[in-house]
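Start from the sequences and build out the full structure, keeping to the hints where you can.
Chains as they are written, first to last, in this note's numbering: chain A, 1 to 308; chain B, 1 to 308; chain C, 1 to 390; chain D, 1 to 390.
Because the hints were derived from the structure by calculation, they are not lab data. Do not take every clue at face value.
Said to hold, decoys possible - Which chain B residues face chain A? A few, computed with CB under 8 Å, are given here:
(1) 37
(2) 213
(3) 218
(4) 222
In this text, a Cβ means the ideal position worked out from N, Cα and C, and glycines have one as well.
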Amino acid sequence: MDFRLTGDQRALQAGVRALLEGRFGRERLRAAVGKPGPGPNPPLDRALWRELGDAGFFALRLPAKDGGVGLGLPEAVLAFEEAGRALLPGPLVATHLAAGTLPGAATGESVVTWVDGELVEWLDAADCVLGPGNAAGAVPVRSVDPLTPLHRVPAGADGARAAPAPGAACRSEAAVAALLTAAEQLGSAARTTEAAVQYAGEREQFGRSIGAFQAVKQLCAQMLVRTEVTRSAVYGAAVTGDPVEIAGAKLLADDAAVRNARDCLQVHGGMGFTWEADVHLHLKRAWVRAERWPTAGEAADVLAGALL
Amino acid sequence: MDFRLTGDQRALQAGVRALLEGRFGRERLRAAVGKPGPGPNPPLDRALWRELGDAGFFALRLPAKDGGVGLGLPEAVLAFEEAGRALLPGPLVATHLAAGTLPGAATGESVVTWVDGELVEWLDAADCVLGPGNAAGAVPVRSVDPLTPLHRVPAGADGARAAPAPGAACRSEAAVAALLTAAEQLGSAARTTEAAVQYAGEREQFGRSIGAFQAVKQLCAQMLVRTEVTRSAVYGAAVTGDPVEIAGAKLLADDAAVRNARDCLQVHGGMGFTWEADVHLHLKRAWVRAERWPTAGEAADVLAGALL
Amino acid sequence: MDLTYTEEEQDFRARLREWLAAALPTLPPRPDPLDWPARRAYDTAWQRRLYDAGYAGLHWPADAGGRGATPTQHLIFLEETELAGAPYVGANFVGLLHAGPTIAAEGTPEQRARWLPPILSGDEVWCQGFSEPDAGSDLASLRTRAVRDGDTYIVTGSKIWTSHAEVADWCELLVRTEPVSAAVPRHRGITWLAMPMNAPGVTVRPLRTLTGTAEFAEMFLDEVRVPVANRVGDENDGWRVTMVTLFFERGTAFVGEVVACRRTLRALAAAARANGRWDDQELRRTLGRLNAEFTALWRLTQWNVSAAQRTGGAQGVPGNGGSVFKLRYSHARQELYDAAARVLGPGSLDLSHDWTPDRLSSLSYTIAAGTSQIQWNIVAERILGLPKGR
Amino acid sequence: MDLTYTEEEQDFRARLREWLAAALPTLPPRPDPLDWPARRAYDTAWQRRLYDAGYAGLHWPADAGGRGATPTQHLIFLEETELAGAPYVGANFVGLLHAGPTIAAEGTPEQRARWLPPILSGDEVWCQGFSEPDAGSDLASLRTRAVRDGDTYIVTGSKIWTSHAEVADWCELLVRTEPVSAAVPRHRGITWLAMPMNAPGVTVRPLRTLTGTAEFAEMFLDEVRVPVANRVGDENDGWRVTMVTLFFERGTAFVGEVVACRRTLRALAAAARANGRWDDQELRRTLGRLNAEFTALWRLTQWNVSAAQRTGGAQGVPGNGGSVFKLRYSHARQELYDAAARVLGPGSLDLSHDWTPDRLSSLSYTIAAGTSQIQWNIVAERILGLPKGR
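What follows is the structure in structure tokens.
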């Protein structure tokens, strides 16, 4: 047993991080976010999408014989963790899952989304909509996350909840989608921890850095604990692929991403409440991901059932 | 509107506190607790019971024409809050409720208990057992609270849950019992707050009193907030007598008593973990009271139903 | 312990209710929340209505032009206006709740005569220039400098979190008139000025928050000249001048909000019933627990108001009692909107549901006006008497 | 990321499992928990069995008489013994887990030869004399004094929270050999001694805890003479000597407990199913969340063990990584037993249900070996690099 990352895995992690820092750094992020308020949905950066495709982000788990990278779930989790850190927008999970099934998905030439319950992410930008649910008649929603345009499918058309991916392997595809979402949440939780620690070390109040105050230390330490416990859960689920363990990872990751973003905001005080600070982007995206299957209640039901 | 205590109410409060400090101070409390371990149930102090009767503790709400004190629920709540502070043992609520119905209850000559769901408190000491439930065949239980002997009624005999008091006025008697239990919890929560603050001011670690540490301050402040919010809820419910408000008061009071006892233990550190410290007595009694009707779940159901 | 209202109080309530029933239907439609001049006009018109009806400055002392109402009457006023759906205090907030009472308490007769009547009548709007980017929780570390030049101060610096700055006539401004040094502790050397917002050198920039709207502004002051006559209190005594009013709390600060939260909670239950999520026992019980929570917060409000009433209303309740309330309420409000998100389910991601922007706003409650972390310290040190840390 | 065990590890597990299957049925019945001599006899007999089978001191270095097993083998050992229901380390805890490793690392050849073999064979039992009534979280403030008198130290003071003191042969004792002063900071002036428990002047008094039992003792030392030859490490260097081992953590500290908690959780689900409380959705989901929690803690254990393994097992993982685990685990354990109380309902008030005393014991987890409050500081300062407070 050696649960730690292999050298190759560390290299992959560093590579994806470098790619995203170069192609989707803070300036690009803020340009994509733009000003608040009503307006057309943010466009998807097709060039970046293809670069992700070139880098193997979508084809990561596709066998080499099918033109893929031939890696496994643990590697996909590492890549999606980095996407979560960077707040990378777009229907990443759906396109990743469609690689090998839909032409162009693996290379990033196509943008693929799916119907997950009542909501569809990035419908306008998508070349293809998957899922047994039906996006016909879907109406745009004023999305809370400025970087995730949402549509709502008409009442009654919903039926895709527990099977957000197509084909015969529905159940296991849904589990993989949940795991990759959990990985994104993990990346976000880790990022907001770092942001809180950095701010706590810099910001001075009452003549010293606020990170010297025990109350702030406690918040930051709890954020780290949440992140590291979640990391174990997500990586463990990636290795075993066990659906119950994946439900647990999603549950913990949703909680860590949301609570860490809130604690990060609390550490930042008023400054965290501004549009210019990134913390709200993490919180809003975390809320979006938490609504994907399985939600907290759905996950708890799965986990409870497995105890009997 | 003047929600604060009247002069008479403050006098009553001070009187009950003085009575209990004189007759059931710390030494008496610890003598009653004794050593841990198996042994016969602690006896009920009949002399003290009669003194409580003489002081009007049981007859408080009985009309003057029936030999009572002629006061109302708010005054009863103040008296029971003091009982909770002092960890006064005995089936206080049942005896109080039986005053006016059962001979000797008002004066403290009789000890009255009732069947509340599966459990009966102080069965061996009681002269009379009330409730539609049946204590026949009840077997002694190794009670977690050294000052509350418990019996369990045989399976199937349970039927008294939502109506722990006798007669036609069952429902409202149950509500009064819940309110007085909440008042005891409030007294306990206030007492453990004081104990934590006192210890935090005295105990030194790392060259200064631990109360100077923000982490300890936070615990103590949260205890006070819990206590004061609970006080408003309990006093408010006493004034209105509204059953939904009483359910809310019981819910908050159970939570405050249990969590404050735990936080008090946390502030005390290892010293709080000893048998000689009083904090475990508060926690265990709080657990006993939290099992009386309505429990947290039962109360939440009542409160939710009232929203529609 | 008496929760019944006196005949006088009941009479006050009845007359207010009657007046509101007549007044509210005649109001113009609510303005676009992004149109600040329209909001000012709407808010001040409502203030004028209150003024004409004799409800302006209800809680102000009579000698300042107010009604000298008791804390209980103020509670009734806030409760009834909220229940009736009347406009909020809005643009008149700083004038009525802070700048005005400060001038009433510490101003000269001339200053009172100049500034108080137009606040009451809605003719003039005030904003607050206290916080600075580097002086948040630690307000006393403010750096905006005022240098005396004859009978004016020349003020340079910047302020943040200023509401209604775009449309205010006056700003109650805290400035540093003496630099911090070994001899001058941070709370000394601060002075309170009334700054005209149209003075040259004042630049206002909207500050967008995470809700996406600009409820606040930043204010940049570049050698703004403020007459010395606009100073309330002594030079370097501005901290005390400000705190007298800032901590003057009669327990009424959150009356309207608690009433509104209780209404929202019932609406949540109804919505859950309608969309089927009421069948989720866990969610249902969460709503039930919030019912207990907000009922208790309402009782705590009545408790604090009663305490203020008993001292004649003049002294208010200690601001520390307000810390207990604020600590619990700010968390309860966040829990309320988290519960709202569970009632909405995926709909919680849609800003068109009012509860979603309200959820975003609720995040500021544990930060603004003293973070919970600082409030815990205040409670521990000032109420419980635990030693100061540092 | 690899969670499969190597062939060697699988082989180790298989042989251990086989041995346990044969050994456990031959054990005598468990002793009365209040009978300390019987407990010692039971625990040391089990240690002897392990010794004879070659499992004693599994994680000790080979040159100290141990097996020099890898952290993963140690994890497997702890997991399998817990799964099989084997006895706990019990009275051998201090000798095997702390005093022994300390002597192995810092003792002279003579000291190692004298003390290590009887620990491994179960012939001698050690207890720990570190904490004092006034030195809890702040261990360095200990006051028990040792004064040099020729080739002995004369020790006077008191210790608390000493497990197995009634039946121990030796005590690893921290004493102050130089008083704290401006020149001597609190962490200096401390010395590590091996004190024979039968020395004149040693008085042991059982310390009852809120569970009602006496798992610990107080120890009073009245001019106890301890040979200087029993000192491990230099005079005044005892803090370092102790900490080397105290923070030596290979991630295995809670292996058995996490395995046991996961079993308890399944038992809770079964009990809830049997008594009808499984129909309570709120409770059911609480159990579901705990399933996620303890699965994650098991994975975190494997993560930490893997980290220790990678450094060859010799250095262990930084003790700070242990703080992350302990913070989460101690709270999770308390939540587990709170959930148990909800499964039991009124039965949670009955000490006859094992879960009730276990719930009481769980209360110590956020206190013992560093309160959560102190652990948060450690994580913030040593892992996150935030500045020290004070």
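Evaluation of the provided hints:
Checking residue 37 (chain B) against chain A by beta carbon gives a least distance of about 35 Å; that is not within 8 Å, so the hint is violated. Of the supplied interface hints, the one on residue 213 (chain B) holds, with its beta-carbon coming within about 6 Å of a beta-carbon of chain A, less than 8 Å. Because the beta carbon of residue 218 (chain B) sits about 6 Å from the nearest beta carbon in chain A, less than 8 Å, this interface hint is met. Given hint, residue 222 (chain B) at the interface with chain A, is violated; its Cβ is 12 Å from that chain's nearest Cβ, farther than 8 Å.
The structure is inconsistent with the numbered hints 1 and 4, although it conforms to all the rest.
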